[in-house]
Structures are given as structure tokens and as C-alpha cells.
Amino acid sequence: MPTAIVDKLPRSAKRGIALAVDVILCLLTVQLAYWLRLSEWIVPTGNQWASYALAPVLAIPILSLWGLYSDIFRSAGWATLSNLAKGTLCYLLIYASIFTAFGIDGIPRTIGVIQPILLLMAIGGSRAAARALLSGYHSGRISKPHRRAVIFGAGAAGRQLEAALSRAHEMDVVAFVDDNRSLQGSKLHGKVIHDASSLVDVLKKYDATDFLLAIPSASRQRRKEIVESLEGYPVKISTIPSFIDIASGRVKVSELRELQIEELLGRDIVQSDPDLMSRNIEGKVVLVTGAGGSIGSELCRQIARLAPSKLVLVELSEYNLYAIHQELENYFKDELEIVPLLGSVLNKARMEQIVARWKPDTIYHAAAYKHVPLVEFNMTEGVLNNVLGTMNMALIAERFNVGNFILISTDKAVRPTNIMGATKRLAEQVLQARAAENSATCFAMVRFGNVLGSSGSVVPLFRNQIQNGGPITITHKDITRYFMTIPEASQLVIQAAAMARGGEVFVLDMGEPVRIIDVARRMIILMGLTERNAEQPDGDVEIKVVGLRPGEKLYEELLIGDNPEPTQHQLIMKAREQFIPWTELSELIAKAVSAAEIGDEQYLSQLIRKLVPEYNPAVTESMDQAVG
Numbered sequence: 060m061p062t063a064i065v066d067k068l069p070r071s072a073k074r075g076i077a078l079a080v081d082v083i084l085c086l087l088t089v090q091l092a093y094w095l096r097l098s099e100w101i102v103p104t105g106n107q108w109a110s111y112a113l114a115p116v117l118a119i120p121i122l123s124l125w126g127l128y129s130d131i132f133r134s135a136g137w138a139t140l141s142n143l144a145k146g147t148l149c150y151l152l153i154y155a156s157i158f159t160a161f162g163i164d165g166i167p168r169t170i171g172v173i174q175p176i177l178l179l180m181a182i183g184g185s186r187a188a189a190r191a192l193l194s195g196y197h198s199g200r201i202s203k204p205h206r207r208a209v210i211f212g213a214g215a216a217g218r219q220l221e222a223a224l225s226r227a228h229e230m231d232v233v234a235f236v237d238d239n240r241s242l243q244g245s246k247l248h249g250k251v252i253h254d255a256s257s258l259v260d261v262l263k264k265y266d267a268t269d270f271l272l273a274i275p276s277a278s279r280q281r282r283k284e285i286v287e288s289l290e291g292y293p294v295k296i297s298t299i300p301s302f303i304d305i306a307s308g309r310v311k312v313s314e315l316r317e318l319q320i321e322e323l324l325g326r327d328i329v330q331s332d333p334d335l336m337s338r339n340i341e342g343k344v345v346l347v348t349g350a351g352g353s354i355g356s357e358l359c360r361q362i363a364r365l366a367p368s369k370l371v372l373v374e375l376s377e378y379n380l381y382a383i384h385q386e387l388e389n390y391f392k393d394e395l396e397i398v399p400l401l402g403s404v405l406n407k408a409r410m411e412q413i414v415a416r417w418k419p420d421t422i423y424h425a426a427a428y429k430h431v432p433l434v435e436f437n438m439t440e441g442v443l444n445n446v447l448g449t450m451n452m453a454l455i456a457e458r459f460n461v462g463n464f465i466l467i468s469t470d471k472a473v474r475p476t477n478i479m480g481a482t483k484r485l486a487e488q489v490l491q492a493r494a495a496e497n498s499a500t501c502f503a504m505v506r507f508g509n510v511l512g513s514s515g516s517v518v519p520l521f522r523n524q525i526q527n528g529g530p531i532t533i534t535h536k537d538i539t540r541y542f543m544t545i546p547e548a549s550q551l552v553i554q555a556a557a558m559a560r561g562g563e564v565f566v567l568d569m570g571e572p573v574r575i576i577d578v579a580r581r582m583i584i585l586m587g588l589t590e591r592n593a594e595q596p597d598g599d600v601e602i603k604v605v606g607l608r609p610g611e612k613l614y615e616e617l618l619i620g621d622n623p624e625p626t627q628h629q630l631i632m633k634a635r636e637q638f639i640p641w642t643e644l645s646e647l648i649a650k651a652v653s654a655a656e657i658g659d660e661q662y663l664s665q666l667i668r669k670l671v672p673e674y675n676p677a678v679t680e681s682m683d684q685a686v687g
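Numbering (our numbering), first residue to last: 60 to 687.
A hint or two may mislead.
DSSO-like mimics (lysine-lysine), calculated; alpha carbons at most 30 Å apart, straight line [to be verified]:
1) K283 x K603
2) K295 x K603
3) K343 x K407
4) K283 x K250
No lab work stands behind these hints, which were simulated from the structure alone.
Construct the entire structure; sequences and hints are all you get.
What follows is the structure, given as C-alpha cells:
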């Protein structure tokens, strides 16, 4: 189409076309002026040629001086028309003075006035036509398929967002919704502000394709309530950045992004204690094992911001180490020495070499196998990595006088029904037993539940399943989990470790447990789709129950006992739980390691039951039968 071809031309070419058109209009308006004056079309002769020649010679330079050829046609507005009028007036004064005031034989004096007026109308009309054509082309190109948006929030953020979208032609804002009763029923920029309680009705009324949350200061709980009220209506949900991000100047109100499931936990983030965050880190050498994993990498990010003297990254996976090292280098290269080291916690000689060389003050031990079904099928490797690896690092820390050693544990260590949980409970016992030996190293462990977005977690799995058209697979309709964001969990780990005196099991307040099926349903809503079920057979994505996996249980716990103690942080509790003394523990672990090394899973299983008396794999078996 011609508009598409013109739009692709460089600005110089577009300016040339505008000049050529205006020259033609200058000549045509002279001819039309003669017709209006003489009531007939003429063939110019003699002096009449001067009226034709002088029109473009005078008009084009004058109009150029007034900036007419620097304006963009599709953006031309009143300012352009004003410049055109001023330029034409200047032209009229000169043209009329030649042909009207002084006069030239053979040329009617009125030509000097009529032609400039006609030229103003002709050029103004051409600009308006060009603007309409080009703007229509651009608007159609950007907004098809046509998107209609309802904005939640009629405050300053909502107003700014609507104005930005109007300028960008990305979507039409058709209505506002707000909780403020004083605003409901009134209009903002010509759009009605509706009651939030009738949200779905508003979306249906305006046939909305997009729902935009413009409430940067809203709590997680309120966002959760809003999203849940959209269940059953297919609409794409986006949000503007948080109030903190906007206030800091990092982003603009108009920068929309997809609302993340992490923002719908229903519990607001508690601010960190700066003293606790920096106590074991600022000015110190910090080492992180498993530095490339989900938790390990976020720990590294948080630690890097707290001004350690060195940050030592220990990781088995070359790619994971490369990824986190590159990321940290991009942000902290000039502020912090970052040491990337490949190595396995099972390689005792390599770990001794690293700790002796870099002399860390604090070690965060995040290296572990964590995927329940995989560890269930690989018992020997789970025991070696999670138990022997932890014991190696703990004893090395003691030998080289490391001040603080913090184990990243899991709620699956509490009354475990799977090998992964049992090995993590054994790892906890190693630290508890060493702390009881009056070790100079302060040992502590931090236990928490699932983190959203970590590798192998339900969020990336569900997102991929939804994008592929479903079904979303869950293991049981009643299964629940504690959830927390990775940054939250990492910050609480750092703060808990700062309060350690030796041997404590720190437990993070994970809020209320969340049903996995509810997570799945919220993700379907967030992606603008509907659940397909018996009540809604035409829905987009089915949720399918496939049965519990090996080692999986319905409900997770955070405490073995019932005696948690508060700490100076409101979301962190501590407990002192029973453990096997070091002399007995070390002998049994040595036997377990030997059994693992030769692949004797039967004997290894017996030893695990003895080391972790609360380990009860039969729980899973009975639940599988119940599901079946």
C-alpha cells in the first residue's frame, strides 16, 4: 500500500515529496485564482508567467523558514497549522505587494490576494490529509488485533498510564475501576470509573482484552483478591512497576509487565534489618557452595550488595558458575573481588585447597540435590552429596577456623517421607552434633519451604504446560505447600545466620500454606485463559490429577517439635531439636557412606531409618493407595 511505502522512506525523501507537492499547489492555486477572477481558464502569456514563477520562488523559502518542512506529517497538529498560517501571511504580504499594491500589466490586482488565501487552504488541506492517512496506517499497524483495556486504579498512576497508552496507540483504554467510592460514577479522560465489586461485569460490558493494574502501592493480599475475582473471564493481566521502583526513577509508570504469581502470595514482604543483613558479610570473605543454583545464586546477589571484601563462588556445574559469575561481574566488577571456582563438595582435597587459599569468614552451604523424585531414584548419590558433602564442608570449616557456617535446609527434613528430606535432616544433625562439641565455628541451619521460580518448582513447570496448551499436572487436589519468593528466602537466611550462637535450627515463617491447585488456577487467570472442567467444557487449559510422586506427601511441616522460640526478627523462629551425638553419628554416617559407595541400597535404607527415626516412607505408600 502507498502509505506503507511512504512511511519506509527516509525523512529527506519525505521532505522532498512535500516540497514537490507544495510547488505544484503553488502553480495550481495561481491558475485557480485566475479562474475565480476571470471566470475562465487561461493559458498564461506575457507578464502572467511572472505570477506563476514567483509563487513557488517566494512561498517555499518562506514556509521553510517557518519550519513547515521539519514537521512530521502524522504528528502535525495545531502548531503546524499555526506555522503555516504565519508563513502564508508573510508570503501574502510580499506577493500582494508585487501584484496588488504596485501592479503588473496583464495581471489582475486581486490575484495577489486570492492566490495566497487559496495556497493556505491547499497546503493546510494536504497536511491534514497526509496526517489522517499516515496516522491511520500507523494506528492500524500497531493496534491490530484491536486491544481494549480496563485500568484498575483511577489515581495518579492510572491517569499517567492512560495518557501514555493514548500517545502510543497500543491499546484503547475503555474504562476505569477503583475501590474509592468517591470516584465511582465520575469520568476520567472521558472514561467512566466503575465500582471494583462489579469488575467482571465491567470487563464483559466493554469486551476488554486487557486488564491493567495501576495500583503500585497495593498489598499482595489486595492484588490476590483482585486476580481471584477474575476467575472464569479470559483477560490478559498486566501491572505497572511497584511504587518503590517508580519513586527511585528506575522505571516509568507506563512500563507495563506481566503480573507474576510471586506477587499473589497473600502475605506482604517484611523489610529486612540492615544490621542483621550485614553482620556476617560486610568487610568479610564470604564463600557460597552451590553458588549457581536457585537459592545459591540469589544468596550471591544479596551478599554482593552488602560489601563483602571477597565473594567466593563454588559450583559443580560449569555453565551455572559461568552464568552467575558473569551476572555479578556486570554489576559489581569495580566494587568487589569475585572468585569463581569449580569443584564438588565431595572432593575433600579440592574443598580444603579452596578454604585454605581464600580463608572465608562465613560459608553458606547451599550445595545439595533437592528434587524429591530424582533423589528417591538415586539414593546413594543423594546420601553422598547431601550428607557426606555437608560433613566435608563442616569439618573443613572447623579445621581452617571459619567463623560462621550456615546450612540451607528444607521443610522436607521434618518427619521426612522421602530420601531427599532424610538426607537433609542428616545434614542438619551433622551441624547440631559439631556445635555440641564446642566447636569454634558457629554452626546453624535455616529451614524453609518452597521458593517460587526455583529450578524444578511448580511455577516454571505450570507456565510451560499452559503455553503448550495444557494440561497442568498436579499430584493431588489437596496437596499444599509453603511458598516464598527466592529474594525473600535468601534475605531471611542471611538474617537468621546473623543471630546464630551455635546449633540452632532457624525456621522461617512461610505464611499460610497454599494449595497447589490454587496456584495452577491463578496462573491460568494471569495468562488470560480459563480452566477447562466439567462446568466449563470450552475452557482453555485442563488441570489433571496424576497421583503423588515417589516420596511426596500432602502437607509439609517446618518443626519437628512444638517449642519454637521467637527471635529479634518477626518472621524467624528458632528451635533446638534432638540429634544423635557426634561419636555415634559419625560412625553411622561412615557406614552409610560406605554402603552408598558400593551401592548397597538395602543396608543404606536401614541405616537411614536408624539415623532419622522419624523417616517414614510408608506415609507416601498409604497416600498413593488412597489416591488410587
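Against the structure, the hints:
no. : hint        : result
1   : K283 x K603 : holds (23 Å)
2   : K295 x K603 : holds (23 Å)
3   : K343 x K407 : holds (24 Å)
4   : K283 x K250 : holds (26 Å)
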